[in-house]
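Going down the list, the sequences are from chains A and B. When we follow my numbering, the leftmost residue of the first sequence carries the number 1, and every step to the right adds one. When we follow my numbering, the leftmost residue of the second sequence carries the number 1001, and every step to the right adds one.
These aren't lab readings, by the way, just hints derived from the structure by calculation. A portion of the hints provided could be inaccurate.
Covered stretches of chain A, going by a simulated chain B footprint (3 or more residues, C-beta under 8 Å) [stated by the list, open to error]:
| hint | stretch |
| --- | --- |
| 1 | 22 to 34 |
| 2 | 44 to 58 |
| 3 | 63 to 70 |
| 4 | 76 to 90 |
Glycine included, C-beta positions come from ideal geometry on N, C-alpha and C.
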Amino acid sequence: MAIVVKIPTQLRAATGGAATADVEGDTVGEVLDALYEQFGELRERIADDGGLRRFVNVYIGGEDIRFLDGLETSVSDGDEITILPAVAGG
Amino acid sequence: MPPESLTCKECKTTYPLDARYVCERCFGPLEVTYASATGVDAEELRRRIQAGPHSLWRYRDFLPVEAPPRGANLPAGWTPLLRADRLAERLGLRELWIKNDAANPTHSFKDRVVAVALARARELGFEVIACASTGNLANAVAAHAAAAGLESYVFIPADLEEPKILATGIYGTHLVAVNGNYDDVNRLCTEVAGERDWAFVNVNMRPYYAEGSKTIAYEIAEQLGWSVPDRIVAPIASGSLFTKVARGFEEWIELGLVKGAVPTMNGAQATGCSPVSAAFAAGQVVCRPVKPDTIAKSLAIGNPADGPYALELARRTGGGIDDVSDDEIRSGIKLLAETTGIFTETAGGVTTAVLAKLAARGDIDPNERVVAVITGEGLKTIDCARGTFETYAIEPSFDAFEAQVPGSVAV
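Could you put together the complete structure from these sequences and hints?
Encoded structure:
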């Protein structure tokens, strides 16, 4: 599946300034792994042992993946995944 | 104690005091850190505070700005701390105080956090102020921006209570009603904040904004004659106010301005949006996000940014986090109104109902000095008062009065 991942400004130093990345994968976890392949530095910034750091939010089409199947959530061609800091608001 | 840097709460990386809120290394939240105080003369510091203005700027030494605002601004803070003997008696407590933060310029504690964020935003040269809001913040941002002559953008969930929408738009802000819940609004604003050079008070200015809530603790301590209460009951939405109130007491204890320990901290949530309370009960260290469904819209944050820190604080101080149903919230509003003369919004109903729950459960020692933090005004959620009392509808005659109104016959 061809997926577009939107990169937050805070992580663009690790993507050479790119605001989006085109990657392949069948689940959110696979998409993120493919993203880390492309930009190695991203892994240490947002990934934790076997998952995501606790202040990282990941959305598919605006829905938090924790309301879906987390990293196991399957994705479809053309889906847009957004990575955002979780520390805003309130 | 001048502010020194922004520091990541997780990995301790430091950053300059500009408009940022996320650690680029680990994505953790940033917090303002201050130069450590050495050789503080507590008596002199108390005198300086007492000689300050009747607003939160009397605590300027503990706030992350170079100087208090010189131009036009709304004076936030310095709200009443009222002894609530009748409510205490009803609950079987000995000493209970209400910190009434509805007595702020736009009738909620949000005036404090906005005052600080806006002052810092002006120092950093921003010309546009913005926020993601559950309502009270919307009122405060629109009003403070109007007072300061700055342009503002306010993003709210479209289904907010009408009084909060009206009391925002009137100030001449750009009001954006988003078709979604607060967490959707927050996600959108996090994206917008990355793409626009605006000061989002609770996104890129959040480290400064959050510091404003410490002034609630300073005021309580000062109003109690420079002492610390035994227990605080306060609402939790994002968890920012809850954790910063404790931080305020901590700072003053460290400086020797007050003696004692950080109060036992009790957090209050609505059952219809209780991610922090649920995590507390389950013994978890992080919160699982929820989709809010409660009348307490000002607390309806399903994905609370400071949830993990609120959990840690409640456990560390021997407190807790409880939640109450919508009916209990309505009863809480009525109980506070009937016993103190303070009409609070739904968030205050949550706080009062949790206070009542703690008292009924025997969690509060009768000898404790307890402070409940009432964060907002009842007129903003006026619908909750409907149907909670009886009105005697009569013809304009003395006979009708005597016939229909109980207690009206002279004895």
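| Violated hints - listed by number, lowest first | 1
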